[in-house]
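**Student:** Single-letter residue listing:
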Amino acid sequence: MDVPGVATGGLARRRPRVRVVRLRIGRGTLVIPPLGIVLLVLVGPIVLLALYSVNLRTNIPGTPTAFSGANWKDFLTGSANPFRERFFYSMKITLLVSISATAAAYPLAYYLAFIARRFRYTLLLVLIAPFFTSYLLRIIAWTDIVLNNNGIVNQTLWDAHLRAHGNGISWLLYSNFSIFLVLFYAWIPFVSLPIFAVLENMDHQLIEAAADLGASRFKAFWTVTFPMSLPGVIAAFVFVLIPTTGEFIAPLYVGGPNNQLFGNEIQAFFGDSPNWNYGAVLAVALIVVVLVLMLLFGRFLNTDLRTQRGER
Amino acid sequence: MKLHWLGRTALTAYFWVFVLFLFAPLAVLMTFAFNQSMSPTLPITGFTTHWFHQAFSDTVLTGAVGRSIEIAAATGLFATALGIMASIGLSARRLRLRALIIAILLLPLVVPYISLAVGLLVLLNQLGLHISLWAVFLGHVVIAMPFAVLVILPRLRSLDPSMMEAARDLGSNEVTAFSLVTLPLLMPSLVSSFLICFITSFDEFAIASFLAPPGQPTFPVFLYTGSRAPGLLPELIAVGSLIIVGSLVVIAIAEGGRRWAERRLQGVPAEAAAPVDSGVPVLQI
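Chain order of the listed sequences is A and B.
If you count by this note's numbering, then the first sequence holds residues 1 to 312, one letter each, in order.
If you count by this note's numbering, then the second sequence holds residues 1 to 285, one letter each, in order.
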């Protein structure tokens with residue numbers, strides 16, 4: 001098999017090397033279309049938002065455009081800036097959800113990896129299946145059927161005469177509780193996955209060794225299993241943290257005026273009361289926060305793309 | 001080491017309580033889809049399929065579902081095609097700026113959808129374009145593509161390179177070798193990729209809520225506005241139940257099919273082919 005333009009090049013044993021070079025050029029260029037789409041549809045808008053955030057572009061007619069950090073200054077340092085306060089409130093909810101979901105998911109993953117031996121993949125699928133059903137529909141089920149004032153929870157309490165009829169629990173909806181519950185519910189199936197993956201691939205002989213050396217079951221878990229599973233735990237935590245940071249759908253349904261999240265503020269600036277310049281500050285700030293979180297925790301996510309074949 | 005039976009029982013109970021917690025709202029939704037009462041509240045007043053009939057005759061609703069299916073199918077195809085390109089490109093032995101390219105390709109996984117949505121709105125405005133379903137489609141392709149890469153690339157890496165080499169030695173050029181050898185072997189992951197991208201697009205609300213033009217809502221956008229109107233709620237619940245059942249069935253079939261196909265193609269037991277070794281296992285569904 002002759003490679004055009006090479007066959008005359010001399011020694012036969014040099015051919016494979018030439019072929020490798022040709023392959024490199026051919027294959028590598030295939031990343032250009034996907035790369036181009038991301039640059040155009042994702043990086044482009046982000047750059048544009050950044051320009052808006054420093055007032056180099058504007059949607060407000062008649063406003064002169066010139067570089068100005070005023071919006072950033074107001075957001076970052078303005079005293080009692082409502083959007084900054086909303087951001088910290090959001091982060092509190094996000095952290096609470098991420099930590100709770102990770103903690104609650106650990107026993108699920110442990111069960112799958114160590115107890116449900118034979119059916120573990122099927123049960124794993126059962127656990128994560130709800131994650132692949134419509135997010136909005138799941139929220140609607142909670143909002144309009146389970147938690148609302150004459151919803152299942154309140155009705156059941158009334159029927160059991162635990163509460164006076166018609167007197168529903170007020171914090172079931174439009175509260176920190178409802179935001180927490182819905183987000184926790186939405187993410188828990190997904191969170192158990194990275195923990196399961198780590199536990200599943202763990203060298204079980206190490207745990208047995210701990211037992212052989214006289215460790216109690218709890219001690220073996222606490223000194224061997226748990227520390228070894230930490231990368232999975234952190235990955236799980238980040239799996240919730242990152243998407244929840246920009247969450248704005250759940251509060252539309254289950255949040256009251258005081259429980260809206262940072263994402264809702266962004267939405268408002270580009271929807272009801274258009275001030276794209278200020279909104280862009282919030283949108284860019286959100287991206288920056290998420291990217292920083294990613295830089296801090298990203299190495300735990302082990303997306304496994306960098307390792308070459310066979311080096312795993 | 002064996003766990004104490006008490007621990008085993010407790011963990012088993014914990015697991016099943018969680019499964020119940022996860023599926024209860026879905027089950028509740030499906031139950032009320034057949035309830036006669038206008039409002040989805042207890043007590044159950046009687047069995048009816050009326051809401052399904054009403055849903056199917058609501059052209060705005062069926063139109064929204066149709067629109068979402070079209071965009072999701074197109075997203076599945078395009079994102080998977082781009083995922084194949086990216087995966088092959090990344091599997092090149094030498095690639096300049098590999099780390100940067102990977103970072104950019106996976107960036108859509110971390111950029112919050114709300115920021116991307118408003119960014120696209122601003123971009124369209126900048127280009128003097130109106131919001132459109134095309135913009136929704138492009139947005140969905142970008143957010144779905146990293147999933148395609150994460151599904152396809154590990155599978156591509158797991159293939160035995162000697163098979164490609166054999167094809168080359170037998171005289172096929174790179175394109176033929178790819179389409180006759182690599183592509184069929186990738187097929188299970190391509191189906192998974194299509195399904196994940198389909199679901200991602202079908203369920204996406206943030207981008208669609210900003211970029212779908214008035215009068216042309218996608219299903220999630222219609223669901224959002226419709227669920228605020230009590231009169232529409234029963235039919236939304238009916239259609240929602242069908243969609244939930246459909247998703248669950250597709251997931252079950254896809255996973256079953258994937259295990260079967262990988263077993264056949266590679267001769268490895270389902271256990272070994274199961275999705276736990278890639279770091280982002282869920283993405284291999």
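One thing to keep in mind: the hints can contain errors.
Claimed, not checked - Subject to a maximum C-alpha distance of 20 angstroms in a straight line, what follows is the list of computed SDA-like cross-link-like pairs (lysine to any residue): (1) 219(A) with 103(A); (2) 219(A) with 171(B); (3) 92(A) with 107(A); (4) 92(A) with 174(A); (5) 219(A) with 39(B); (6) 219(A) with 6(B); (7) 219(A) with 131(B); (8) 92(A) with 294(A); (9) 219(A) with 4(B); (10) 219(A) with 290(A); (11) 92(A) with 271(A); (12) 219(A) with 63(B); (13) 219(A) with 202(A); (14) 92(A) with 256(A); (15) 92(A) with 219(A); (16) 92(A) with 202(A); (17) 219(A) with 294(A); (18) 92(A) with 290(A); (19) 219(A) with 10(B).
Just so you know, these hints were derived from the structure itself, not from any lab.
**Student:** For every hint, state whether the structure bears it out.
**Tutor:** The hints, checked one at a time:
| no. | hint | verdict |
| --- | --- | --- |
| 1 | 219(A) with 103(A) | 19 angstroms, holds |
| 2 | 219(A) with 171(B) | 61 angstroms, violated |
| 3 | 92(A) with 107(A) | 24 angstroms, violated |
| 4 | 92(A) with 174(A) | 17 angstroms, holds |
| 5 | 219(A) with 39(B) | 53 angstroms, violated |
| 6 | 219(A) with 6(B) | 17 angstroms, holds |
| 7 | 219(A) with 131(B) | 59 angstroms, violated |
| 8 | 92(A) with 294(A) | 18 angstroms, holds |
| 9 | 219(A) with 4(B) | 13 angstroms, holds |
| 10 | 219(A) with 290(A) | 36 angstroms, violated |
| 11 | 92(A) with 271(A) | 25 angstroms, violated |
| 12 | 219(A) with 63(B) | 59 angstroms, violated |
| 13 | 219(A) with 202(A) | 17 angstroms, holds |
| 14 | 92(A) with 256(A) | 17 angstroms, holds |
| 15 | 92(A) with 219(A) | 33 angstroms, violated |
| 16 | 92(A) with 202(A) | 33 angstroms, violated |
| 17 | 219(A) with 294(A) | 33 angstroms, violated |
| 18 | 92(A) with 290(A) | 15 angstroms, holds |
| 19 | 219(A) with 10(B) | 18 angstroms, holds |
Checked against the numbered hints listed earlier, the structure breaks hints 2, 3, 5, 7, 10, 11, 12, 15, 16, 17; every other hint is satisfied.
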